[in-house]
Amino acid sequence: MNLSVRLGRLTLQNPVVLTSGTCGYGKEMRPYLDLDSLGAITVKGLSLFPWEGNPPPRIWETWAGLLNSIGLENKGLERFLEEDLPFLENLATCVFVNIWGKTVGEYVTIARELDKVKRIDALELNLSCPNVERGGATFVSDFKVLERLVGEVRQATGKFLIAKLGPQVRDWEATVTILEREGAEALSVTNSFPALAVDVERMSFVFALKTAGLSGPAIKPLALKMVYDLVGMTDLPIIGMGGITTAEDALEFLLVGAKAIGVGTANLVNPSSAMRILEGIKQYLLRKDITDIGEVIGKVR
Amino acid sequence: MNLSVRLGRLTLQNPVVLTSGTCGYGKEMRPYLDLDSLGAITVKGLSLFPWEGNPPPRIWETWAGLLNSIGLENKGLERFLEEDLPFLENLATCVFVNIWGKTVGEYVTIARELDKVKRIDALELNLSCPNVERGGATFVSDFKVLERLVGEVRQATGKFLIAKLGPQVRDWEATVTILEREGAEALSVTNSFPALAVDVERMSFVFALKTAGLSGPAIKPLALKMVYDLVGMTDLPIIGMGGITTAEDALEFLLVGAKAIGVGTANLVNPSSAMRILEGIKQYLLRKDITDIGEVIGKVR
Amino acid sequence: MKLARVRKKERIGERFVLLELEERSIATQAQPGQFVMVRPMGEVYDPLLPRPFAVLRTEGERFTLLFEVTGRGTLLLSRLEPGDTLQVLGPLGRGFSLKVSSGVLIAGGRGVVPLVFLALEFTKRRIPFSFFVGVREKKELALLRVLDDIGEVFWSCEERVSGGFCGTVLGLFERCLDTVLKGDVKIYACGPEGMLRGLAKMLAGKEEIVEVSLETRMGCGFGVCLGCAIPKRSGGYWHVCSDGPVFKLSEVVL
Amino acid sequence: MKLARVRKKERIGERFVLLELEERSIATQAQPGQFVMVRPMGEVYDPLLPRPFAVLRTEGERFTLLFEVTGRGTLLLSRLEPGDTLQVLGPLGRGFSLKVSSGVLIAGGRGVVPLVFLALEFTKRRIPFSFFVGVREKKELALLRVLDDIGEVFWSCEERVSGGFCGTVLGLFERCLDTVLKGDVKIYACGPEGMLRGLAKMLAGKEEIVEVSLETRMGCGFGVCLGCAIPKRSGGYWHVCSDGPVFKLSEVVL
Ligand SMILES: Cc1cc2nc3c(=O)[nH]c(=O)nc-3n(C[C@H](O)[C@H](O)[C@H](O)COP(=O)(O)OP(=O)(O)OC[C@H]3O[C@@H](n4cnc5c(N)ncnc54)[C@H](O)[C@@H]3O)c2cc1C
Ligand SMILES: Cc1cc2nc3c(=O)[nH]c(=O)nc-3n(C[C@H](O)[C@H](O)[C@H](O)COP(=O)(O)OP(=O)(O)OC[C@H]3O[C@@H](n4cnc5c(N)ncnc54)[C@H](O)[C@@H]3O)c2cc1C
Ligand SMILES: Cc1cc2nc3c(=O)[nH]c(=O)nc-3n(C[C@H](O)[C@H](O)[C@H](O)COP(=O)(O)O)c2cc1C
Ligand SMILES: Cc1cc2nc3c(=O)[nH]c(=O)nc-3n(C[C@H](O)[C@H](O)[C@H](O)COP(=O)(O)O)c2cc1C
Ligand code: FES
Ligand code: FES
Numbered sequence: 001m002n003l004s005v006r007l008g009r010l011t012l013q014n015p016v017v018l019t020s021g022t023c024g025y026g027k028e029m030r031p032y033l034d035l036d037s038l039g040a041i042t043v044k045g046l047s048l049f050p051w052e053g054n055p056p057p058r059i060w061e062t063w064a065g066l067l068n069s070i071g072l073e074n075k076g077l078e079r080f081l082e083e084d085l086p087f088l089e090n091l092a093t094c095v096f097v098n099i100w101g102k103t104v105g106e107y108v109t110i111a112r113e114l115d116k117v118k119r120i121d122a123l124e125l126n127l128s129c130p131n132v133e134r135g136g137a138t139f140v141s142d143f144k145v146l147e148r149l150v151g152e153v154r155q156a157t158g159k160f161l162i163a164k165l166g167p168q169v170r171d172w173e174a175t176v177t178i179l180e181r182e183g184a185e186a187l188s189v190t191n192s193f194p195a196l197a198v199d200v201e202r203m204s205f206v207f208a209l210k211t212a213g214l215s216g217p218a219i220k221p222l223a224l225k226m227v228y229d230l231v232g233m234t235d236l237p238i239i240g241m242g243g244i245t246t247a248e249d250a251l252e253f254l255l256v257g258a259k260a261i262g263v264g265t266a267n268l269v270n271p272s273s274a275m276r277i278l279e280g281i282k283q284y285l286l287r288k289d290i291t292d293i294g295e296v297i298g299k300v301r
Numbered sequence: 001m002n003l004s005v006r007l008g009r010l011t012l013q014n015p016v017v018l019t020s021g022t023c024g025y026g027k028e029m030r031p032y033l034d035l036d037s038l039g040a041i042t043v044k045g046l047s048l049f050p051w052e053g054n055p056p057p058r059i060w061e062t063w064a065g066l067l068n069s070i071g072l073e074n075k076g077l078e079r080f081l082e083e084d085l086p087f088l089e090n091l092a093t094c095v096f097v098n099i100w101g102k103t104v105g106e107y108v109t110i111a112r113e114l115d116k117v118k119r120i121d122a123l124e125l126n127l128s129c130p131n132v133e134r135g136g137a138t139f140v141s142d143f144k145v146l147e148r149l150v151g152e153v154r155q156a157t158g159k160f161l162i163a164k165l166g167p168q169v170r171d172w173e174a175t176v177t178i179l180e181r182e183g184a185e186a187l188s189v190t191n192s193f194p195a196l197a198v199d200v201e202r203m204s205f206v207f208a209l210k211t212a213g214l215s216g217p218a219i220k221p222l223a224l225k226m227v228y229d230l231v232g233m234t235d236l237p238i239i240g241m242g243g244i245t246t247a248e249d250a251l252e253f254l255l256v257g258a259k260a261i262g263v264g265t266a267n268l269v270n271p272s273s274a275m276r277i278l279e280g281i282k283q284y285l286l287r288k289d290i291t292d293i294g295e296v297i298g299k300v301r
Numbered sequence: 001m002k003l004a005r006v007r008k009k010e011r012i013g014e015r016f017v018l019l020e021l022e023e024r025s026i027a028t029q030a031q032p033g034q035f036v037m038v039r040p041m042g043e044v045y046d047p048l049l050p051r052p053f054a055v056l057r058t059e060g061e062r063f064t065l066l067f068e069v070t071g072r073g074t075l076l077l078s079r080l081e082p083g084d085t086l087q088v089l090g091p092l093g094r095g096f097s098l099k100v101s102s103g104v105l106i107a108g109g110r111g112v113v114p115l116v117f118l119a120l121e122f123t124k125r126r127i128p129f130s131f132f133v134g135v136r137e138k139k140e141l142a143l144l145r146v147l148d149d150i151g152e153v154f155w156s157c158e159e160r161v162s163g164g165f166c167g168t169v170l171g172l173f174e175r176c177l178d179t180v181l182k183g184d185v186k187i188y189a190c191g192p193e194g195m196l197r198g199l200a201k202m203l204a205g206k207e208e209i210v211e212v213s214l215e216t217r218m219g220c221g222f223g224v225c226l227g228c229a230i231p232k233r234s235g236g237y238w239h240v241c242s243d244g245p246v247f248k249l250s251e252v253v254l
Numbered sequence: 001m002k003l004a005r006v007r008k009k010e011r012i013g014e015r016f017v018l019l020e021l022e023e024r025s026i027a028t029q030a031q032p033g034q035f036v037m038v039r040p041m042g043e044v045y046d047p048l049l050p051r052p053f054a055v056l057r058t059e060g061e062r063f064t065l066l067f068e069v070t071g072r073g074t075l076l077l078s079r080l081e082p083g084d085t086l087q088v089l090g091p092l093g094r095g096f097s098l099k100v101s102s103g104v105l106i107a108g109g110r111g112v113v114p115l116v117f118l119a120l121e122f123t124k125r126r127i128p129f130s131f132f133v134g135v136r137e138k139k140e141l142a143l144l145r146v147l148d149d150i151g152e153v154f155w156s157c158e159e160r161v162s163g164g165f166c167g168t169v170l171g172l173f174e175r176c177l178d179t180v181l182k183g184d185v186k187i188y189a190c191g192p193e194g195m196l197r198g199l200a201k202m203l204a205g206k207e208e209i210v211e212v213s214l215e216t217r218m219g220c221g222f223g224v225c226l227g228c229a230i231p232k233r234s235g236g237y238w239h240v241c242s243d244g245p246v247f248k249l250s251e252v253v254l
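Chains as they are written, first to last, in the numbering used here: chain A, 1 to 301; chain B, 1 to 301; chain C, 1 to 254; chain D, 1 to 254.
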């Protein structure tokens, strides 16, 4: 049975990817699943300098969903290279590094630095974070900025380049055109959905920043539609994600045309979810007597 | 304890409203709850002529959510007046009629006809349905059409006029400005979210029309944010809805500024949900020692 | 919804579970062919919707369900034990017509459930009937147990077994067609779509005297969501929960 | 996650439930102050996240949890019966330091759980300790039952009752301060925020010898989501699940 999938010039041994922010730097998952059995792991969003993130509370449970306001906390490039790269060096699976910055310049610099690290297979640009030079609007919300950001990052690195998008995108057609032109090689869709929660007993917002990102099973039917629509707009390979919790969820994304699928919140619900999902996909192919996962991808359009 | 809320010139005895399409024409709910104890009931979307709706399957369950592709099936104005109005005549609560049309003309005509029916307290315009004169784009997606639609309906009826919006709205500020100017008196937010489901075993889309509307607990944090944002944009009273399943859910919407709340999918989960929610709101006010629900509305901003 | 308490639980074969529930109003009002909507847990919203199940029989303040574990909802229900409570709504829908002088009952798999209730009612009313039941696999034969207190039953199995007819229930029924279809008789059927379609072909022209109990995905179960549509012969749609689940063959398109 | 089977269930007072679970690796590895993440049902995704609970004690292949029913997750857990299985992850986090010549344990309400485990360990190691427990209401006194196999315990209740000190556990502890705070002693505390803040005031200057076990909302429980942040004294955040749940008072801002 062939499970490998091709994302442009990058090949994954199977389509199951751990999404950024839900699998730490890899190490933490080791006791619960065999990372080498997966298609790829995406490490927590990394920035040039260490970042504290948001004050607590940072998470809140909703109906079959999770609201998070982590605020991109991370240890910064230097400590990552020192403390976490060694573990990743010894992995036999693909390593994606999700990066972000407060300015275009920060994206470019960290991309240039990571370009030097042989072990890293791809850089994933988190385009859903606030641009301080533009009063905190996300980088996708301004085409000029987006163009510059992706274009300059493309100049800064030869790594496989993934653009990660979310519901903040207003005009998908236009956004995708820019990303294609500026050299993005794949799209990760979707990031969490801006949402809100009120603590009724305390009569206040749950989160200091009021809104937070909704993820988990609740958003799956919305994420699936985003991916389906996007597959119709571009030839760029898409890593479909958003609420994937079971093998059936994953197969829905593959069937509408995603080349790979991301497992996020499900890692928190059960750290071995990704392996169970991969197992379930294999079972399905056997049951359906399909020998190549490629026959599933895009079968339902 | 005062539970009554004022939506402009219309007063509800309490903020709990049954939303369109989830409580039939009222009759069907009678065995399970006391309609007269609620703030208002909104009957199933009504059109000038009978409408068959979509082929089965029409519903599909997702994680804490419901996908529906009913396709606005309804018996049409004539049979409504004949078969269902009599029952509604005898209710002691407010009666909202949700209306839709395939063209602006159909909206206007049914509005004019219903204007003659004394018992009806308000008309709710479903603006999320396809405009056949515009190749099926929803009426909210074209400002010119929206303007004409609301303006002409306003001319056709003196009834309290509610505009019902959904995620199809692209520019909320602009949309609200038009609705205010053309004479809408309240907003119902939100209709269900366009979403997708694939039947993995059958390797096909679940629904004949592919996409369907997502409702139920899953969407609550998204709907709550929509309502919160909207309250900041307009003085029009807002009927907040989307996933409200418990009294706590309802209170979240009231706290961010909704003047009333709609109970939809929860009616299918348990037909007495609305009464349990109303009961829970009373309990909360007692516990918090609040004598007027007005003190809760908009307290968290 | 009302709270019902599980009084008895029985596993029938590998895939079926029988639950005897205590809830007075349903037990005393349910008619053969009617169904109930069931939710395993109050405060949990995944699974979200209640699930529809036909009533197998009633006795005093109790009624019995028999279901096949086919997904998450039935899996959760199968975990309930005597003493547990669940939420129920009903009795719902339009049942079988009881005004006949004799009946023929044809069931496929779990379709046996509403027909057992009908057979018991016929027995009470001294209405003669013959009962045909078919299952696919040997292991489903466990279902026959719920037919114990019903006189004679003709059964078939698509796998070879001793004692019964080897083939589909329609194959079995066809052999007896002429002997059973006499006088003022009605035919009552419930089972997989394929079986019902086959029956319709076999009984072309007799659609008026055939009643079928149908399954569709349901939202509410009591007529508000319009989610349970099936095509009418005359165009437009029926709503299985309120117009059915029992229909004359002449009314529907299978 | 691993499957654990419920072996014993006990209701303690009105609001608490004790579950003895069988799962070898946790039972044999858990240290006092460590916790586990628990999900009641595999296939159901509402409630979604596992819930964190401290370990009360271990014995052979079994470990025990004691929890307060405060919401939907604990409500579902409270419905489990012997024989049922649930999903568990652990042991997790950094427990109490055991290198001391004597200890003072101070618990408020359910905060007693990790300290019971610590007391049992101290007893094993022949480390002398004194144990102070406080509850708000009479009915919570039922909790004292889990302290039966722990030598002497000083307890307080904010409602008037006979036998114990009437007031907060801090009030009780204050009276014994000088007698217990001698030599190489460590103070271990777990309880409501208010109590821990009060303790911090009372022991200002002694932060180095005080260890507190903290609660925060958790996502994963094993360090990947960064959802369990609490402020560091030195700026930035700790992550309760991986840096804690036990911290030196000198490390945290309460
Ligand atoms: C009127 C009526 C009477 C029924 N009587 C019985 C009975 O006596 N015994 C029995 O075993 N089954 C009966 N069924 C079928 C039963 O309702 C489904 O098998 C059950 O809902 C499956 O739920 P699930 O969560 O296990 O499966 P899932 O596939 O997880 O359910 C997902 C969704 O699909 C719906 N669904 C799935 N299959 C069906 C189906 N065949 N019919 C209707 N809805 C479905 C569920 O209600 C749920 O909304 C009846 C159905 C109807 C409409
Ligand atoms: C390290 C640790 C050890 C704990 N040990 C115990 C124990 O031994 N006994 C006990 O009774 N309780 C203990 N708790 C608290 C327990 O985890 C919560 O009471 C429980 O999660 C509430 O879940 P719920 O679904 O019933 O409540 P809900 O309010 O419905 O839970 C909703 C969400 O909030 C989270 N949550 C709510 N309250 C808390 C809280 N106080 N701490 C952490 N998360 C919370 C839940 O995990 C869930 O994600 C511990 C918490 C932590 C962090
Ligand atoms: C706790 C948490 C932290 C996350 N951190 C990041 C991040 O640092 N960068 C990023 O691009 N996405 C981040 N995400 C988004 C996820 O990678 C994923 O895109 C999103 O949650 C939708 O998938 P899911 O529903 O399977 O979780 C985070 C999500 C969660 C729940
Ligand atoms: C089965 C079903 C039918 C609906 N029909 C209509 C309708 O006819 N007109 C309308 O404006 N909204 C309709 N809605 C949308 C609901 O009124 C409500 O706005 C939406 O479902 C969100 O609320 P909820 O999550 O509480 O259901 C329907 C929803 C469902 C689930
Ligand atoms: S199931 Fe809702 S109308 Fe039939
Ligand atoms: S709970 Fe996820 S990092 Fe601590």
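Hint data in this document are derived by calculation from the structure and do not stem from the laboratory.
Bear in mind the structure is a predicted one, so any value in this text is a computation, not a measurement.
Hints are not guaranteed to be accurate.
As the list claims (entries may be wrong) - With a Cα cut of at most 27 Å, we get these calculated BS3-like pairs of lysine-lysine:
#, chain 1, residue 1, chain 2, residue 2
1, D, Lys-99, D, Lys-124
2, D, Lys-99, C, Lys-9
3, A, Lys-299, B, Lys-210
4, D, Lys-8, D, Lys-99
5, A, Lys-210, D, Lys-99
6, A, Lys-27, D, Lys-124
7, B, Lys-102, C, Lys-232
8, A, Lys-288, C, Lys-138
9, D, Lys-201, A, Lys-75
Quick rundown of the hints versus the structure:
1. For the hint linking Lys-99/D to Lys-124/D, the alpha-carbon distance of about 13 Å falls within 27 Å, and the restraint holds.
2. The hinted pair formed by Lys-99/D and Lys-9/C fails the criterion: a straight-line CA distance of about 54 Å is larger than 27 Å.
3. Among the hinted pairs, Lys-299/A with Lys-210/B is consistent with the structure: their alpha-carbon atoms are about 14 Å apart, no more than 27 Å.
4. For the hint pairing Lys-8/D with Lys-99/D, the CA-to-CA distance comes to about 33 Å; that exceeds 27 Å, so the pair is violated.
5. Pair hint Lys-210/A plus Lys-99/D does not hold up; C-alpha atoms about 44 Å apart against a cutoff of 27 Å.
6. The straight-line distance between the Cα atoms of Lys-27/A and Lys-124/D is roughly 34 Å, outside the 27 Å bound, and the hint therefore fails.
7. Pair hint Lys-102/B plus Lys-232/C holds up; C-alpha atoms about 24 Å apart against a cutoff of 27 Å.
8. In summary, the hint linking Lys-288/A to Lys-138/C is supported, as the alpha carbons are separated by about 24 Å, within the 27 Å threshold.
9. Using a Cα cut-off of 27 Å, the hinted pair Lys-201/D and Lys-75/A is violated, with the two alpha carbons roughly 32 Å apart.
When held up to the earlier numbered hints, the structure conflicts with 2, 4, 5, 6, 9 and fits the remainder.
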